[in-house]
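Visitor: Once you have looked at the hints, place chain B on chain A.
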Amino acid sequence: MTTTTGTPARPLRVAIIGAGPTGFYVADHLLRNPGVAVEVDMLDRLPTPYGLVRLGVAPDHQKIKFVTNAFDKVAASPGFRFFGGVDFGKHVTLADLRAHYHQIVYCTGAQTDRRMGIPGEDLAGSHPATEFVAWYNGHPDYRDCMFDLSQESVAVVGVGNVAVDVVRILCRTPEELATTDIADYALDALRKSRVKEVYLLGRRGPAQAAFTNPEIRELGELPDADIAADPAEVELDPLSRAAVERSQDRATAKKVEILRAYARRPASGKSKRLVLRFLVSPVELIGDDAGRVAAMRLVRNELYATSTGALQPRATGRFEEIPVGLVFRSVGYRGVPLSGVPFNESWGVILNDKGRVLDPGTKEPLVGEYTAGWIKRGPTGVIGTNKPDAAETVECMFEDLARGAVLEPAHPEAAAAETLVRQRQPSFVSYNDWLKLDALEVAHGRAEGRPRVKLTSVEEILAALGR
Amino acid sequence: MNIANILARKGSMAVTVRPEQSIREALALLERHNIGALVAVQGESPVGILSERDIVREAARNERFFALTVADLMTRDVITGQPHDDLLTVAHTMTERRIRHLPVVDKERLVGMVSIGDVVKAQRDHYQGEVDTLQTQLLAGESGLAH
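Here the protein sequences come in this chain order: A and B.
For the first sequence, numbering that gives the first Met the number 0 begins at 0 and goes up steadily by one.
For the second sequence, numbering that gives the first Met the number 0 begins at 0 and goes up steadily by one.
Pulled out of the complex, with its shape left as it was, chain A reads as follows (with noise of 0.2 Å):
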């Protein structure tokens, strides 16, 4: 039976867990290969598609939403079919997707941040900067986080793109945001916003900061914040400079450029501050008497080398203070386990090779279990970077497909897929459902000069949706 799998009359089922670009990419590779006939249910915890690039990517940077419109024509792909609103665990579960599916594929990114690891951090006022971000995004289940944002002095931990992306939304004026598609009731909170000084903290050097010239010019260009700089923090050490120079790495030159211009630029007077700082380490979150943070502790870094040549962080005995009364860390991002799947404890993603999940005991691949982007091989890269990520995996399926590997399921029809998911979790949302809701979320925006707004909990989507 399983030789047939994969032509018309016995098509390859697969399920998807997780809508966001990784999951696309999948179902692109999957759906796009000729000689192989793929039926594709992707599912989501979440009611609507696209993961991280509706709900991470920040609300000023639109163009790089502008993705999902290749996300919407694999989904219009004969044979791909959306159920938003299912979550794996809960409504359905691994033997349910093995009772109904041939392969399953795993993209459920890195949900959860790393901590700092040090006193205080859990002092009301610190928080991690993707709770920020998912609150600033509409994520339904962020939504009524709150912020302090009566504080005057911030702190973010990290120089990569979510550090970048908080301080921004911090700095930039409610005008500005008004035209974005940010949640509505965080452009309220962010109007009666009180931040006046926002450090950007990185553990290295300028040269090794994870932020991209693009990114660092634009922090330079905000109407209404001053950027700052220390002119000693800004300047190379001898390692990074024998580095650069080594490597021939003209966009670090570059970066390093920039920020020496900004450490010799003046203030002009706007009115926030934003200051980037470069080889501090926080140790230590100061809380006052109501338990509230009110200043960080911090320690002076300097750079080594390790035997690959690749510079790393040490503390030195130096140490400063600094009043903040509200901390964003954003220091790194772990997989969350799924239950029944094997866990690679060490870098936080599931047990694979090249995206075969793998048993745990014998470290031979899992029948029928695929994984890809994030979750597989950890937080790194651009969005486009889970695209030959998603091929290798797709690779994978196939190649396990052409020899006979694969589950062997009770009810490999597509009708018993959606009876299942339609008796576990009714009110699910299909990708026409999204089409609609989007198309009402971009009308709504439209009236108000923004690119949409957003339905931002659950039951606002599905009373939306006439439910």
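Think of the hints as simulated: they come from the structure by calculation, not from any bench.
Hints may be right or wrong, so weigh each one.
For the chain A half of the interface with chain B, some residues (derived, Cβ under 7 Å), not all of them [stated by the list, open to error]:
| # | residue |
| --- | --- |
| 1 | Thr305 |
| 2 | Val348 |
| 3 | Ile382 |
In this text, a Cβ means the ideal position worked out from N, Cα and C, and glycines have one as well.
Guide: What follows is chain B alone, placed relative to chain A:
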């Protein structure tokens, strides 16, 4: 991107041998796992690396190389990586120093091995991803989006 991101999608750890094992055993391991190098370990710490090159070099001049041990042929001065070493630096170092296999060590414990092939593939995927994302944004610009 750093080495950890390469190791995360390579299910297997580095294949190891003990220095006192024979070259015959080492060859069998290379063949069985279809790889080009073994890490010689004492306990969990790497003490050397044995590559197919080391074996070929010896085999070309010594008929009795099968009788040797891993310790006889392995390179002892091993450059090791750490999970947080960044891809660009590692790629540069491996190319410059002509290293094909880099054992990765975390707190003196061997946690995996990356090959120059792994590094090249990771770099290629990284650049492909950036190109794809930039193209998408250029298309967005052409279609007249505001930001």
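Visitor: Hint by hint, which ones does the structure fall short of?
Guide: As far as the earlier hints go, not one is violated by this structure.
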